[in-house]
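Participant: Sequence:
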Amino acid sequence: MKRHQPLIDALARAARQLGASPVPEFKVEAPRDPAHGDAATNLALILAPLLGRKPRDVAQQLLQALELPPGYVKKVEIAGPGFINFFLAEAQLAGVLDEILAAGGHYGRSDAGRGLKVDVEFVSANPTGPLHVGHGRGAALGDALASLFEWTGHAVTREFYVNDAGVQIDKLARSLWARVQQQVGRAAELPEGGYQGQYLVELAQAALAREGRAFADLPPDEGVRRCRTIALLSQRAEQDEDLREFGVKFDVVFAESELYRERLIERALADLAAQGHTFEQDGALWLRTTAFGDDKDRVLRKSDGTYTYLLPDIAYHRAKHERGFARAIDVWGADHHGYVPRVRAALRALGLPDEFFHAEIVQLVRVMRAGEEVRFSKRTGEIVTLRELFQETGVDAARYFFLMRRGDSQLVFDVDLAKSQTEANPVFYVQMAHARMSGIFRVAAREPDGVSAAGVDLSVLAAPEEVELMNELAAFPGIVTRSAETYEPHRITGYLEGLARIAHAWYHKYRVLAEPEEAARLVLARAVRQVLANGLAILGIRAPDRM
RNA sequence: GCGCCAGUAGCUCAGCUGGAUAGAGCGUCGGCCUCCGGAGCCGAAGGUCGUGGGUUCGAAUCCCGCCUGGCGCACCA
Numbered sequence: 130m131k132r133h134q135p136l137i138d139a140l141a142r143a144a145r146q147l148g149a150s151p152v153p154e155f156k157v158e159a160p161r162d163p164a165h166g167d168a169a170t171n172l173a174l175i176l177a178p179l180l181g182r183k184p185r186d187v188a189q190q191l192l193q194a195l196e197l198p199p200g201y202v203k204k205v206e207i208a209g210p211g212f213i214n215f216f217l218a219e220a221q222l223a224g225v226l227d228e229i230l231a232a233g234g235h236y237g238r239s240d241a242g243r244g245l246k247v248d249v250e251f252v253s254a255n256p257t258g259p260l261h262v263g264h265g266r267g268a269a270l271g272d273a274l275a276s277l278f279e280w281t282g283h284a285v286t287r288e289f290y291v292n293d294a295g296v297q298i299d300k301l302a303r304s305l306w307a308r309v310q311q312q313v314g315r316a317a318e319l320p321e322g323g324y325q326g327q328y329l330v331e332l333a334q335a336a337l338a339r340e341g342r343a344f345a346d347l348p349p350d351e352g353v354r355r356c357r358t359i360a361l362l363s364q365r366a367e368q369d370e371d372l373r374e375f376g377v378k379f380d381v382v383f384a385e386s387e388l389y390r391e392r393l394i395e396r397a398l399a400d401l402a403a404q405g406h407t408f409e410q411d412g413a414l415w416l417r418t419t420a421f422g423d424d425k426d427r428v429l430r431k432s433d434g435t436y437t438y439l440l441p442d443i444a445y446h447r448a449k450h451e452r453g454f455a456r457a458i459d460v461w462g463a464d465h466h467g468y469v470p471r472v473r474a475a476l477r478a479l480g481l482p483d484e485f486f487h488a489e490i491v492q493l494v495r496v497m498r499a500g501e502e503v504r505f506s507k508r509t510g511e512i513v514t515l516r517e518l519f520q521e522t523g524v525d526a527a528r529y530f531f532l533m534r535r536g537d538s539q540l541v542f543d544v545d546l547a548k549s550q551t552e553a554n555p556v557f558y559v560q561m562a563h564a565r566m567s568g569i570f571r572v573a574a575r576e577p578d579g580v581s582a583a584g585v586d587l588s589v590l591a592a593p594e595e596v597e598l599m600n601e602l603a604a605f606p607g608i609v610t611r612s613a614e615t616y617e618p619h620r621i622t623g624y625l626e627g628l629a630r631i632a633h634a635w636y637h638k639y640r641v642l643a644e645p646e647e648a649a650r651l652v653l654a655r656a657v658r659q660v661l662a663n664g665l666a667i668l669g670i671r672a673p674d675r676m
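This note's numbering puts the first sequence at residues 130 to 676.
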């Protein structure tokens, strides 16, 4: 049942009695300021112009017509321009605690997604080098989004796409071959736009050590071919290991080469052509994406006969649809955002529904250390790798920092703050709140899960901080739903910081153990601990019992 | 030039399917340790919400113009 449903129903009935038919949409929500009660509605403000009366008069009449279940509210008042504020009875407020204890690790889950199959593709880094901090942000965000969809009742697949068939891999292979030659003292130059990172030097040394010096004397074609396999496997293995340690696990790793092997690319091309969406010009084959919302037409097959990247991507997304997904969500870096309209247009051309494809764009990450920006550039070989970052800050802090800003705002990652063990560090602050709640049970020598609300008088939880806590706890399921709907995990971090703040203040001001309110406060402490843990679980961050 | 994203406190950012006095953290200043963890808590100062219009009873939030920054505008990926 939706929160405050009895209130919503009663208000709607009252509105009908005043002659509003149909009843317009109105809100019942928790006011920002606790002094405005536990729930407030703008119904009178909405109704006033329709009824041609002043909002406060309408509010007055609504209250006269309002019939609520007995014992539901403690106090009702008309405030401001015509808001109606409700102060709920303690027993009503405390109902959320029963709910949380009963649901446990499921509190906040919903079936809003009705089992819809969703594919979340993220990271999808080219296998041409180590993962950097930008990939880390994509990894944290994609994983959290996937988790949010699970929490809202979707059937989720986490997917990684490997570009193992493009020209970048050729460059990588030839770069490695050049490094091999250099290792044996030959003057070889990296190819134009090749990969300059130190990791290829190390890989060349490892390859020579394993294959022997004869490896460097292979014919160039054969050597490059071998280098391609060596580089691909080694880069993929390293990326997988980084991701594993970062706490991200993929259900599917899909290789571009599979699209060729399965002839999905030719099929996509043939279907597009058969439907008359392609044309030839200047020796190339074009897709008429302008007919589907793009601002210019795009080349599918270049005049040299090779395909552009767009075509495999079309085939790939269509394959996702054919695999049964109702939604395909791609987490992409900001440098790819211009690519969205043409993919969308192409999928329209193939007749896929518009809501099938969603690209979530992640803006760039700047790393700050000791007040200065740490520069990184893949081209010059100087980079901040994801691994370096999370080894320094810890995985929890890194994930949290990547998630605490909206994806479409640029992120300044303060390494010193992420490492600090103080209240200034939000992830520490939230985890500390969980540890403190756990500490109460440790001192009481009780298992948190053994605490029950049965037979406990929860109406003694009447302190302002306690009312605020219960309202905050009750808001959690709505936050999860909204966060999933808007693709915004940062709503969860913001919520957790708010909940932690109230929890710390409550903990500091009131004792739990050896007080007359002990039984009720233990119930509250368990509920707070549970919701903190659930929120952290969505983000893939540990909820420690002690720090 | 065109497109996307952003511009909110000294700094980093929330708030954006319109709602009450625009919030948090950092930093600054000032309080609080017999007491479940002071690894914490409480308070103060600090804002023309880039800017100019518009819609509305009501705009940080919606619409339009302009300014600034990032990214993108390939027969690259």
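Rather than coming from a laboratory, the hints here were simulated on the basis of the structure.
A few of these clues could be false.
[Stated by the list, open to error] The list that follows gives simulated cross-link-like pairs (lysine-lysine, DSS-like), each with its CA atoms no further than 27 Å apart:
no., residue 1, residue 2
1, 156, 204
2, 204, 183
3, 300, 431
4, 246, 378
What you are looking at is a predicted structure, and each value in this text was computed from that prediction instead of being measured.
Participant: Work down the list of hints and note, for each, if the structure agrees.
Facilitator: Evaluated hints:
no.: 1; hint: 156 / 204; verdict: 19 Å, holds
no.: 2; hint: 204 / 183; verdict: 23 Å, holds
no.: 3; hint: 300 / 431; verdict: 19 Å, holds
no.: 4; hint: 246 / 378; verdict: 18 Å, holds
In terms of the numbered hints stated before, the structure departs from none.
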